[in-house]
Amino acid sequence: MDQQLLVFVTVAEKQNFTRAAEELHMTQPAVSQYIQTLERTVGTKLLERSNKFVRLNKAGEIVYHHAKVILGQYARMQYLIDELMHTASGNLSIGASYTYGEYVLPHILAYMHEHYPLIKPTITIGNTKEIEDLVVSHGLDVGIVEGEFKDDRLYMEPFAEDFMYIIVSLKHPLAARKKIRLSELNKETWIVRELGSGTREATEKMFDRFKLYPHNIMEFGSTQIIKESVEAGLGITMLSHWAVRKEISLGTLKILELDETPVTRKFSLITQSTPFYTKSMEVFLSILRRKDIFSFMKGGTLS
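First residue of the sequence shown? That's 1 in full-length UniProt numbering, and the numbers climb one at a time after it.
FYI, nobody ran anything at the bench for these hints, they're computed from the structure.
Possibly wrong hints are sitting among the right ones.
Below, simulated EDC-like cross-link-like pairs (lysine to aspartate or glutamate); rule was C-alpha separation at most 20 Å, straight line [stated by the list, open to error]: (1) 246 - 260; (2) 266 - 161; (3) 178 - 260; (4) 58 - 13; (5) 211 - 228.
Predicted model, so just to flag it, every value in this text is computed and none were measured.
Build out the structure end to end from the sequences listed, making use of the hints.
Structure follows, in structure tokens:
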């Protein structure tokens, strides 16, 4: 049946029996025989034929649409079986929100490349909402986002904890203070990420939780711009410790000492809800789920 569908789809797309036969490395009579057999199976004609063209009729359009889906599923099934029998390899499209994608994921990919060099990742960085939408539309195999949400179309799994701190320039008046009341931060200029960002969501939750009502808020679309702006003395912010660890070690940014921090959130992986993954996907997910995944970023190695 799959061969009949393949021949039918090829004829429909080439709109010509001769070109379809050439594409399939078959004779034209053999192509015609497959089409006739399929038409008998479904119980109706599927193609309009003339000396100049071959076109789908209404029944043919229905069969063509479903044949494409069936052939795609068959190809994926075969690919999964082939991968099961061989070393993890092939393309893997990964999406990540900014904090994880820019400050953590490169280290994960370096480890994966060392141990699984045949996996070829492509990376998309966006805010949490953008990554979610791409996974839903099959534009990505797997996404890594900040926070948790519910979407019946996706499988979501929190896999790591992130710690977020309030950050100021080393020259900021608050930087030298040992103890600071959270209410004092209302009068500061806060620099936050755009709507749809997991960091923005965490910041707003922190505002609500501690009844903070900042008078001045500036919205920037990049964590790097926020760090540079805070370092220049434009305002204060709340960011993941992964995003600022280099600047903290260099002494250009400082974490404020507050009883209410760090604020914690989760990194979560999202995939289609299918229980079947390629071997490359399984390898990548197993690395993400490792409890020691962050330890090697601090100077250790994954064993």
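Quick one, are residue 178 and residue 260 close enough, alpha carbons at most 20 Å?
14 Å, holds
Does the alpha-carbon distance linking residue 211 and residue 228 stay inside the 20 Å limit?
27 Å, violated
Taken at face value, is the distance from the CA of residue 161 to the CA of residue 266 at most 20 Å?
5 Å, holds
Pair hint outcome, residue 58 versus residue 13 [Cα-Cα no greater than 20 Å]
This hinted pair holds, its Cα atoms lying about 15 Å apart.
Take the C-alpha atoms of residue 246 and residue 260, compute the straight-line distance between them, and say whether it is at most 20 Å.
Given that 20 Å is the threshold and the Cα spacing comes to 23 Å, the pair is violated.
In terms of the numbered hints stated before, the structure departs from hints 1, 5, listed from lowest to highest.
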